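Per the working numbering, residue 741 is the first one in the sequence shown, and the count goes up by one each step.
Calculated directly from the structure, the hints in this document are not laboratory data. The structure presented is a predicted model; accordingly, all values stated were derived computationally and were not measured. There may be inaccurate statements among the hints.
[Unchecked claim] Listed next, the in silico DSS-like pairs over lysine-lysine satisfying Cα-Cα at most 27 Å (straight line):
| id | residue 1 | residue 2 |
| --- | --- | --- |
| 1 | K849 | K815 |
| 2 | K780 | K874 |
| 3 | K841 | K829 |
| 4 | K815 | K874 |
| 5 | K815 | K780 |
| 6 | K829 | K845 |
| 7 | K748 | K780 |
| 8 | K815 | K829 |
| 9 | K763 | K748 |
| 10 | K815 | K763 |
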Amino acid sequence: MDLLFNTKDIAAFTRMGPRQILKQFINASYAIIGTYMLWKFISLLLNNDSPIVVVLSESMSPGFERGDILWLRPKVFEVGDMTVFQVYKNTIPIVHRCIKKFGNKTLTKGDNNRVDDVGLYRPNQYYLEPEDIKSCVIAYIPYFGMMTIWVNTIPAIRFIVLGIIGLSVFFTRQ
Numbered sequence: 741m742d743l744l745f746n747t748k749d750i751a752a753f754t755r756m757g758p759r760q761i762l763k764q765f766i767n768a769s770y771a772i773i774g775t776y777m778l779w780k781f782i783s784l785l786l787n788n789d790s791p792i793v794v795v796l797s798e799s800m801s802p803g804f805e806r807g808d809i810l811w812l813r814p815k816v817f818e819v820g821d822m823t824v825f826q827v828y829k830n831t832i833p834i835v836h837r838c839i840k841k842f843g844n845k846t847l848t849k850g851d852n853n854r855v856d857d858v859g860l861y862r863p864n865q866y867y868l869e870p871e872d873i874k875s876c877v878i879a880y881i882p883y884f885g886m887m888t889i890w891v892n893t894i895p896a897i898r899f900i901v902l903g904i905i906g907l908s909v910f911f912t913r914q
């Protein structure tokens, strides 16, 4: 317990009055709102509602590994570019390479996959429509998204991480 909070911090918390607790709550709110505003700024800067995704599988290996964070931006893409597509609404976006273009339609394939992505498309759909393509990859940060994978894979980690962050913000005196 001393690694997170020492007895001095806990004693200071127990001596806090209602005004000090309210002030700590407001400071914690600033941290949350600031993070949200940073996300919206990045979204605006990259002209994308979802400017960052985490690679969840090895389908793009060796170019991208599981846990890499990808920065996305809508742009005109060519054969060879990595596109982000979403065939069904409210599903996880898929990042694969454009291997063929047929006018405004696109065929994709994961670099580590043996066959193209027709099996991932809607029934009787052989190419992606322009509305299926969300954006293109413009940059990446290797393995920086592993925490996201762990948090979504093991629900207990989510509560532990959120609890530690929340308590550390709350116990920080200003």
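Quick rundown of the hints versus the structure:
About 19 Å separates the Cα atoms of K849 and K815, which keeps this hinted pair within 27 Å; it holds. Under the criterion of a C-alpha separation no larger than 27 Å, the hint pairing K780 with K874 is consistent with the structure, at around 17 Å. Taking the CA atoms of K841 and K829, the gap is near 23 Å; set against the 27 Å cutoff, the hint holds. With a C-alpha separation of about 9 Å, the suggested pairing of K815 with K874 holds against the 27 Å cut-off.
Taking the CA atoms of K815 and K780, the gap is about 19 Å. The hint holds against a cut of 27 Å. With a CA separation close to 19 Å, the supplied pair K829 and K845 stays within the 27 Å bound. Only pairs whose Cα atoms come within 27 Å are accepted, and K748 paired with K780 is rejected, the gap being roughly 37 Å. At most 27 Å may separate the alpha-carbon atoms for a hinted pair to count; K815 and K829 meet this at roughly 21 Å.
Taken as a hint, the K763 and K748 pair is honoured in the structure, with Cα atoms around 19 Å apart against an allowance of 27 Å. Under the criterion of a C-alpha separation no larger than 27 Å, the hint pairing K815 with K763 is inconsistent with the structure, at around 44 Å.
Taken one by one, the earlier hints fail for this structure at numbers 7 and 10, listed in ascending order.
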